[in-house]
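A.B. asks: Based on the hints, put chain B in the right spot on chain A.
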Amino acid sequence: MSELDLRDVSTLAALQPAAAKEMHYQDYKNRLRLQGSQYMSLKRPSRLAESSRDYVAGDPVNLIDWKAYARTDQLIVREVRDESSSNVLIGVDLSPTMFWPTADVPEPKIATKAEIAMRLALHLAYAHLRMGDQVEIRWLVNESATIPTHFVRPRRPAAIKTGFLQLAASGFRADDWFTEGGTANALPTRVDLAFWLGDALGAADVAGFLSSGTRSFFLHTLSSLELATDWLDDGISYFDQGQELKEYQGQVLKQRDQYLQQLTAWRQSLQRAQHQRGGEYLTVSDRTQISAYQAALQAFIKAAGKA
Amino acid sequence: MSFGNLIISASWAALGTAGLSLSGLLIWWLRRKRQRRVWLPTMRVMQLEPRILPRIVFRLPPLLGFICFAISALVLAGFSLKPRSEVFTPFDPNQARIHIFCDMSPSVAAHVTIEEYATHISGLYESLKGSGRISLSTSHSAKIIQPENAEAAAQVLRGLGFQRAGVRLGSAIKQMVNAGLEANRLFIVSDRDQHSWTDFNWRYLLDEMDVVYYELARGSQTKSNVFINDTRFLSSPALLTMDWDVEIMRRGSEDAAQGRLTATFMGHELAAVPWKIAAGKQRLNVRMSWPASTVAEIDVSAARDVPLVFRLETEGADALAADNAYRTEIKGIKQEVLLISESGGERLLEDPAAELSVSLAIQGFSVRRYDYLGDNSIDLNDFPLIIAMGGLGNDHFCPRALLNTRQSRRVRRSTEDTRRNHSRPLPKVWLAPARLDADYKQLCECYVSLQMVPEGVAPGPDLCGQVASREQWTQALNAMGAKPVGGSFGNQKQVLAYAQRNQTSGLEVLSFTVPLMPLIATGINHAAMPIMVKEVLTWQGIIAAQGPQQANWPRVDDYATTAWETSGPKDSDALSRIRLSNVPIGESLLTEIDPVNLPQRWSAEKDTVGKQLPAKKDREDPLPWLKLAALICLGAMGLEGVWTVCARIFRFIKQRPQVASVLLFTLIASTKALGAVEIALLAPRGGRASFASLAREVSQRTSIEMDVKPNIYAQVSPEAAAEPWLWTDNLQAITTKAGVLQPELALWLKRGGLLIVESPWQPAQLESMVSRLDPGAGASGANSWRPLPPDHELMRSFYLLDALPSCNGEIWRGYQFDGRLAILAVPYGFLQSLRDQSVPITCANPPDQERSARIFVNMIMVALATDYKRDQIHLPEILKRLR
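Taken in order, these protein sequences are the chains called A and B.
1 is the number of the first residue of the first sequence in the numbering used here; add one for each residue after it.
308 is the number of the first residue of the second sequence in the numbering used here; add one for each residue after it.
Here chain A stands alone, though its shape is the one from the complex (with noise of 0.2 Å):
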């Protein structure tokens, strides 16, 4: 049994590319298409095989052609509308900080921030290239670096999921991170959707990174141990070697939740900005529930292609 297995299969942690397609009806009918995540309010109907998928469990039945699944014992599903492709960058932060917790927290082991937002990007990236957008992953792994430099363009879906299976079978280790694909020194010049995926701990630019889109999503990746203090052993001093050292006792952290006060300040304060920008803001973590996650993902989503 592998360690996947034992993970609350609802939450984040266990999130794949693939998973939870089902939904509501309505939202199915309004979304999701084939040619975008921005679907054009004139409705055109379709016989072209481009303009038909197969069918996927979930898919409303009265959709199905039947009569080429009369000639192809396959079921197609017609699209009735047209929609368009939308330019979507995601941007994925692999620095240091992003793998924790790291062995030496005496905590069961859970996933890192890394591999959720591995997971998140995959998520998001096979979503959209499902959708029929252009998607590009872009990703630091220098604490120091302000922008990403490595890029990459996924074109299937199935190499995504390819993707996902190796890192998978590795751990999500940052070394079997898309091998393939190049650096660009600047960022792209406008997209319409960007996604930010990281603990804004580095030197990253999130706000340049994130106004690059017309609508961007800063998904605050964190891990749900940094998101308490019940855990902190009140012997044990906790630390970070940043600018500067600074180093607690964990009773000193548990004072007066002083910590969770600062670290709720300081996501307010990540929030606050990101709304500023028009953005939505996100904190996720290892315990996020992949529904709470995909709710205010459709919302985003549906916002953005209405718009």
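In case anyone wonders, no lab produced these hints; they're calculated from the structure.
As the structure is a computational prediction, the values presented were derived from the model and not from experiment.
Glycine included, every Cβ here is placed at the ideal spot set by N, Cα and C.
There's no promise every hint is true.
Chain A is faced by these chain B residues, among others (derived, beta-carbon under 10 Å) [unchecked claim]:
# : residue
1 : R343
2 : R344
3 : W346
4 : M350
5 : V352
6 : M353
Derived Cβ-Cβ restraints for the label pairs, each shown as a range [to be verified]:
#  : chain 1 : residue 1 : chain 2 : residue 2 : range
7  : A       : L245      : B       : I334      : 28 to 34 Å
8  : A       : A292      : B       : G331      : 54 to 60 Å
9  : B       : K961      : A       : A292      : 52 to 58 Å
10 : B       : I374      : A       : Q268      : 55 to 61 Å
11 : B       : G331      : A       : L245      : 28 to 34 Å
12 : B       : G372      : A       : L245      : 40 to 46 Å
13 : B       : I334      : A       : N142      : 42 to 48 Å
14 : A       : A57       : B       : R1190     : 39 to 45 Å
15 : A       : L245      : B       : A937      : 43 to 49 Å
16 : B       : I374      : A       : L245      : 43 to 49 Å
17 : B       : F376      : A       : Q268      : 50 to 56 Å
C.D. replies: Structure of chain B alone, referenced to chain A:
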């Protein structure tokens, strides 16, 4: 090796302590509680108060615990301070006095040579020189020296060498202590020789100083030693040979040994014989003999100072060389006697000294005879005996020159000759009349000149003026204080001689009153003459007593007592004689003392110098104080524990007073705790029975404890009505005259009692008996006597019984009342068969003991719990068990 003899090296102790400390630090470092640090990235956005340490909260400690702690701390502090000031007294080398006593006894030579000994002392000096002032003494004398350096100490030993006399360490050191030896530490350098350590109670010195034993003999192997134990002179003076019996002994070996034994006198080897001790033998007597003429050829004028030396030469190993030489006085040398007597004519007939000369020759003397003493050509002191026979008209016989010689000796006291002569005893003088009618006046004058006149004063004639006859001569002798010799007490006429010793000069003169010749007038015949001479010689000590002549060269066991200056002034000749004494046998045996009885041993090697012993009285064991403190702490902890428990109980009672009340009431009200099943017998005739074996069976088979003794009731009393069951074999006791149950018993049965009725009974009696319980029983049939069915609770309450034993065609009957078994009728004496003194069952086919026991157990269960298996209160447990 005992632990008490160990002296721990200071450097090794420091090294060990350092090692232990480092290992402790290492263990602490490995086991220390590390301050664990965990990386938490979100810390970089934290701006927390820099208060890391937790807030210290002051709380009042428990009063009793705090008092105990305070007392313990004070006790520890108080008791710890006292030993600290004494234990760790700074060591001051200038104040420490170290004395090294070197045992130079012969046995030490068996282990080390004098050079090795000197090396040992040198090394010891080097080891101790930084620890204090070192003084040194040896067993040679009580003289204490302070050598300047190690080489000087070694040189002292080299100069002295080993001694031949034995040493008693106890007396030697006692003399030194009494003479004012002041030392904080006394090092005794010796071997383990038992002779040396005997009677040495060194522990009494520990109050004054530390006694340390420096062992010279490091090897534990037994060494073989051959030595001369004794010599005996066997010859009589008249024999022509000198025969000696030499006893050779050995220790430490069982193998055969051989060698050569020589006898040397004044540098002349008299005899040499080979000897061989057979394997397994420890003793050998060797006879040595040489012609007397061999010694006669040697100038024996100084023979009294020169010993006869027997020397042992061994071919094998010999541990000790000193005891191979054995000194003894020469025996058998004919001593010269000066006889001054004018010749009277034909010898034997007319010569008065002829018979005396023969008698002296018989005793081994060589008689030198002079008619008179004319000049000083001869030294009278060379003769042990001077016999002057006079009274023939001149005084040339009187050895007055003896006095002159002694005067001249006083003048020449410092010369060597004087020293030699001084050791020799004065000659003894015999004065005897030449014949019966001799001129006794001349004899008297001679006697007066020898005895009465002080030296250097001319003799006066007054004392002897009236002496003309023997009687007057004896009276004069008596008057001058001479002691009579021979004759009868109080009869001066029969006195043979008068002896007197000059207190000033020491000259002893024996004046005979009769001529020393056989005479009828004197009663001295030819046979008695030699005997008389011998007796007088023996009495005066000129010749030794009869018997084998034993060597008398000294054998000094304790040199300190014998020769040290503190034991009194010693003549130099005597000292030299002691130094050349024979090795005492205790030293030669090389017997070792048990090391447990030795002082602590100095085990320092040369590479571990600098060891320091605690100075005198500068330490005191703090362990008792610490133990006392620990006991006080333990007592305080115990009191604290008792106090805590009592306080908790008190608080609990204070919070739950009802519990305390219940407990108190229970304790007061409870008089008897019923915890056992008792057999209740309803027997009007009484009688005691015991059921020990049955109770044991019940206890082993079930969890029920049963009393050995049954409760016996004469009638249905209130106490009997409290019993759960009643046994009876007498229907009259439980029924009225009408044959019905007594009302009290019927009421008891209705309340739930179980009545067991044993035979004899009749079915009709049973029927009539229960009419009081259920008058309508016959009509309804609900309550009636019935045989016990196989599924009755009595058949399965504990054991599964297939049937109950019948007796003579009669079966067990049970009376069911209120749905339960109320009366059980047993067709035979069931309970009697289970007694310790069981009554045999008068049935055709009586049940065995096992079956009866099982039935009884089932009856107990029915009496206590009725049909408990039908009680649904047990259903949950039964279901749980089934699952």
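A.B. asks: Next, verify each hint and record whether it holds.
C.D. replies: Comparing the hints with the structure gives:
A least Cβ separation of about 5 Å between B:R343 and chain A falls short of the 10 Å threshold, and the interface hint therefore holds. Look at B:R344: its Cβ gets to within about 5 Å of chain A, closer than 10 Å, so that hint holds up. This hint holds: B:W346 has a C-beta 6 Å from the nearest C-beta of chain A, less than the 10 Å allowed. Given hint, B:M350 at the interface with chain A, holds; its Cβ is 4 Å from that chain's nearest Cβ, closer than 10 Å.
Checking B:V352 against chain A: minimum C-beta separation of about 5 Å stays under 10 Å; hint holds. Hint status for B:M353 relative to chain A: holds, with the closest Cβ pair at about 5 Å, below 10 Å. With their beta carbons about 31 Å apart, A:L245 and B:I334 fall inside the hinted range of 28 to 34 Å. Restraint check, A:A292 to B:G331: a C-beta distance of roughly 57 Å satisfies the suggested window 54 to 60 Å.
Taking the beta carbon of each, B:K961 and A:A292 are about 55 Å apart, inside 52 to 58 Å as hinted. About 56 Å separates the C-beta atoms of B:I374 and A:Q268, a value consistent with the hinted range of 55 to 61 Å. The hint said 28 to 34 Å for the Cβ distance between B:G331 and A:L245, and at roughly 33 Å that hint holds. Between B:G372 and A:L245 the Cβ separation comes to about 43 Å, which falls inside the hinted range of 40 to 46 Å.
At about 44 Å, the CB distance of B:I334 to A:N142 agrees with the hint of 42 to 48 Å. At about 43 Å, the CB distance of A:A57 to B:R1190 agrees with the hint of 39 to 45 Å. A hinted range of 43 to 49 Å holds for the C-beta pair A:L245 and B:A937, which are about 47 Å apart. Hint check: B:I374 to A:L245, Cβ distance near 47 Å, so the stated range 43 to 49 Å holds.
A hinted range of 50 to 56 Å for the beta carbons of B:F376 and A:Q268 is consistent with their spacing of about 53 Å.
Hint compliance for this structure: no hint is broken.
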